[in-house]
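Chemist: With the sequences and hints as input, model every part of the structure.
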Amino acid sequence: MKYDNDEQIIKAKLSTIKTPEYDIATEVNKKLEQKSSIINKRKPLRIAMLTCACLMLSVGVLAATVLSFNKIGSKVSPEIVPILQPIEMVSEDNGIKMEVVAAYNDDEMAVIYLTMQDLTGDRIDESIDLYNYTLSEGALFNSQVIDYDEETKTAILRIQANGGEKMDGKKLSFVVKSFLSGSLVFDEVETGINLTDIEDANSQTIPLNMEHVSGGSGTMFDLWEKQGTIQVLKGDEMNISLPQIDFMYISNIGYIDNKLHIQTKWVGDGIDDHGYFYFTDAENNALELYPSTVHFGIDESGNTMDRGDYIEYVFDLKGIDPKEVFLKGYFVSSGKYIEGNWETKFKLQSVNPEKETECKLDFGTWELDRIQVSQIGVTLLGIGKYDEENNPQIQVNMTDGTAQKMELSTSFSQNEKINLKYLSNAPLDSTMIESVNVDGKLINFKH
Amino acid sequence: MGANILDESFSTGGEYELECAIKLYGQPLLRYCHNILCDYHKAQDAVQMTFIKAYNKRSSFKKGYSLSAWLYSIAYNTCMDILRKRKILFFIPESNNNTVDDSTDLISEDLKEALLKLTGAERALIFSRVIDEKSYKELEMIYQVPAATLRKRYERAKNKLIKALENENSYYKRLEEFK
Numbered sequence: 000m001k002y003d004n005d006e007q008i009i010k011a012k013l014s015t016i017k018t019p020e021y022d023i024a025t026e027v028n029k030k031l032e033q034k035s036s037i038i039n040k041r042k043p044l045r046i047a048m049l050t051c052a053c054l055m056l057s058v059g060v061l062a063a064t065v066l067s068f069n070k071i072g073s074k075v076s077p078e079i080v081p082i083l084q085p086i087e088m089v090s091e092d093n094g095i096k097m098e099v100v101a102a103y104n105d106d107e108m109a110v111i112y113l114t115m116q117d118l119t120g121d122r123i124d125e126s127i128d129l130y131n132y133t134l135s136e137g138a139l140f141n142s143q144v145i146d147y148d149e150e151t152k153t154a155i156l157r158i159q160a161n162g163g164e165k166m167d168g169k170k171l172s173f174v175v176k177s178f179l180s181g182s183l184v185f186d187e188v189e190t191g192i193n194l195t196d197i198e199d200a201n202s203q204t205i206p207l208n209m210e211h212v213s214g215g216s217g218t219m220f221d222l223w224e225k226q227g228t229i230q231v232l233k234g235d236e237m238n239i240s241l242p243q244i245d246f247m248y249i250s251n252i253g254y255i256d257n258k259l260h261i262q263t264k265w266v267g268d269g270i271d272d273h274g275y276f277y278f279t280d281a282e283n284n285a286l287e288l289y290p291s292t293v294h295f296g297i298d299e300s301g302n303t304m305d306r307g308d309y310i311e312y313v314f315d316l317k318g319i320d321p322k323e324v325f326l327k328g329y330f331v332s333s334g335k336y337i338e339g340n341w342e343t344k345f346k347l348q349s350v351n352p353e354k355e356t357e358c359k360l361d362f363g364t365w366e367l368d369r370i371q372v373s374q375i376g377v378t379l380l381g382i383g384k385y386d387e388e389n390n391p392q393i394q395v396n397m398t399d400g401t402a403q404k405m406e407l408s409t410s411f412s413q414n415e416k417i418n419l420k421y422l423s424n425a426p427l428d429s430t431m432i433e434s435v436n437v438d439g440k441l442i443n444f445k446h
Numbered sequence: 000m001g002a003n004i005l006d007e008s009f010s011t012g013g014e015y016e017l018e019c020a021i022k023l024y025g026q027p028l029l030r031y032c033h034n035i036l037c038d039y040h041k042a043q044d045a046v047q048m049t050f051i052k053a054y055n056k057r058s059s060f061k062k063g064y065s066l067s068a069w070l071y072s073i074a075y076n077t078c079m080d081i082l083r084k085r086k087i088l089f090f091i092p093e094s095n096n097n098t099v100d101d102s103t104d105l106i107s108e109d110l111k112e113a114l115l116k117l118t119g120a121e122r123a124l125i126f127s128r129v130i131d132e133k134s135y136k137e138l139e140m141i142y143q144v145p146a147a148t149l150r151k152r153y154e155r156a157k158n159k160l161i162k163a164l165e166n167e168n169s170y171y172k173r174l175e176e177f178k
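Respectively, the protein sequence lines represent chains A and B. Under numbering that gives the first Met the number 0, the first residue of the first sequence carries the number 0, and numbering increases by one thereafter. Under numbering that gives the first Met the number 0, the first residue of the second sequence carries the number 0, and numbering increases by one thereafter.
Worth flagging that the hints you see were computed from the coordinates, not collected in a lab. Watch out, some of these pointers could steer you wrong.
To be verified - Keeping only pairs whose Cα atoms sit at most 30 Å apart, straight-line, the calculated BS3-like set for lysine-lysine is:
1) B:116 to A:1
2) A:17 to A:29
3) A:74 to B:111
4) B:61 to A:17
5) B:162 to A:1
6) A:346 to A:96
7) B:151 to A:74
8) A:322 to B:61
9) B:62 to A:10
10) B:133 to B:41
11) B:52 to A:30
12) A:30 to A:335
13) A:440 to B:116
14) B:151 to A:30
15) A:29 to A:327
16) A:264 to A:322
17) B:151 to A:264
18) B:52 to A:152
19) A:17 to A:1
20) A:96 to A:176
21) B:22 to B:56
22) A:335 to B:52
23) B:41 to B:22
24) A:17 to B:159
25) B:116 to B:151
26) A:70 to B:111
27) A:440 to A:170
28) A:404 to B:162
29) B:61 to A:327
30) B:133 to B:56
31) B:133 to A:1
32) A:10 to B:162
33) A:74 to A:170
34) B:159 to B:111
35) A:152 to A:344
36) A:346 to A:165
37) B:56 to A:30
Modeler: Structural data, given as structure tokens:
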């Protein structure tokens, strides 16, 4: 290969990177042996939205465990460490210890790092998934496992709460009522279903009153709700089981109004068994085809009812050649469901102060009226109907002449109140902020 | 076992074929992942995951295709998943998301700073062209993107890296002068 000058410089630089050799084969074999006994175990991602929780027991105690704080510090991005506040509040119930170790926050958002440790058994593993939990402030919660120590049976979790108001300096309570662990994830499940075998017509259907549905999702769901009654497949016309999956099966499949309906019946006793279907091409690349879903029940006489174990997945396959796609599944069996009452109370106090200014910017369907800049990032607050397709672009200009573009992290809209959070790539010094550029319009912060 | 024989036998093979593939492609893939992730320990994880995925999905690898391109493609996607996962965990844009590498002697600080100004995809492309000397035809198979698009992306990434390296150099020169 002939190199130009730039490439010669790059080659010389990249050649200085040292990548020590190590025994890949031994490590791969070890992991393959483990895998054969625990079927593709992974942590399912959950977005939880909880509004309130009754607090019954309070067992929070202060624990001077500097060790836990240091451990969290070693697990997070180094930029975050300077703004982490030690919390170190412990709550113990049902032989399980929860410790809220550290946090960082602004007025709208809080990130909490906590550990969960089983002191008496093996109820916590790397798949731990908080099920019923809440922070007294905030409306949108998200939890993720960031580390698991097999020796001490301790998981470290990161909780992000958005949608809070004036959180900074407030005393908050964090409560966990239940969690799941031991989840089994079955990915790339081959359904073995050939779409060309499914007849286009003649699918027997039953009406479903949308008032009887217990849940749903997807772009078609809103339309179905407007229609009031839709047609779903007649229940239990088939029984197609999937490899290794004993908690659900395909109870019918067919086309209704040119859309592919896959009806499933969930028969396991896991509290949060879930999953979805997707399509791949011949090269095993997942296609961007997402189903809409509707959850309902079917009574003994075959009519739909409001509670039940059926989920129908509906795909619009317009423009797709059924001969060239493969139907696969991703399913999660939720494992153990552990209940208890773990509660801590603590005060959040951000390291850097927050700045706020009022403004009036029209985005067509909504109007921006306030901007807050904190150590974490920028919050845009407005009123109207949020247009997800057109997020404002944000850049923060500092007094030293530097500028930083920010990415939208979460958007939250309730009763036409809009809350958009843009996160910084490193903690911001709010005393240094000169202005915020919102879609090319400059909002001055230097007062 | 040679590359050609392995291309033919991997999909129906077992542990022996896996061992041969690791012997043949393990270290080059480790270097590739290290350059993308700028973190040696994460690169070790990525390369292990690559071989585990390849072994578990070997029946979907088609005879006659290049096993090397297939493994690079899996490694690339694995690295992108790791970078995305970090982004979710910390909500920090990837370009400035300094992965925690405790082995700073493996990549010099200034080079790491410059590399982290690029996206993971750009680092992958630069490494594939400049160090692995892969042709655009091979890169098409790995990244599933037309050669013409890859050429444009490569030129952009190259200019971005050169600019970042120049900035780092001038910063360090200034620092030396200051000392």
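Chemist: None of the hints should be skipped; say for each whether it holds.
Modeler: Going through the hints against the structure:
no. : hint           : result
1   : B:116 to A:1   : holds (26 Å)
2   : A:17 to A:29   : holds (26 Å)
3   : A:74 to B:111  : holds (20 Å)
4   : B:61 to A:17   : violated (34 Å)
5   : B:162 to A:1   : holds (21 Å)
6   : A:346 to A:96  : holds (20 Å)
7   : B:151 to A:74  : violated (37 Å)
8   : A:322 to B:61  : holds (18 Å)
9   : B:62 to A:10   : violated (34 Å)
10  : B:133 to B:41  : holds (24 Å)
11  : B:52 to A:30   : holds (11 Å)
12  : A:30 to A:335  : holds (24 Å)
13  : A:440 to B:116 : holds (26 Å)
14  : B:151 to A:30  : violated (39 Å)
15  : A:29 to A:327  : holds (28 Å)
16  : A:264 to A:322 : holds (26 Å)
17  : B:151 to A:264 : violated (49 Å)
18  : B:52 to A:152  : holds (27 Å)
19  : A:17 to A:1    : holds (24 Å)
20  : A:96 to A:176  : holds (13 Å)
21  : B:22 to B:56   : holds (19 Å)
22  : A:335 to B:52  : holds (27 Å)
23  : B:41 to B:22   : holds (20 Å)
24  : A:17 to B:159  : holds (23 Å)
25  : B:116 to B:151 : holds (18 Å)
26  : A:70 to B:111  : holds (25 Å)
27  : A:440 to A:170 : violated (36 Å)
28  : A:404 to B:162 : holds (19 Å)
29  : B:61 to A:327  : holds (19 Å)
30  : B:133 to B:56  : holds (25 Å)
31  : B:133 to A:1   : holds (12 Å)
32  : A:10 to B:162  : holds (15 Å)
33  : A:74 to A:170  : holds (26 Å)
34  : B:159 to B:111 : holds (14 Å)
35  : A:152 to A:344 : holds (24 Å)
36  : A:346 to A:165 : holds (12 Å)
37  : B:56 to A:30   : holds (15 Å)
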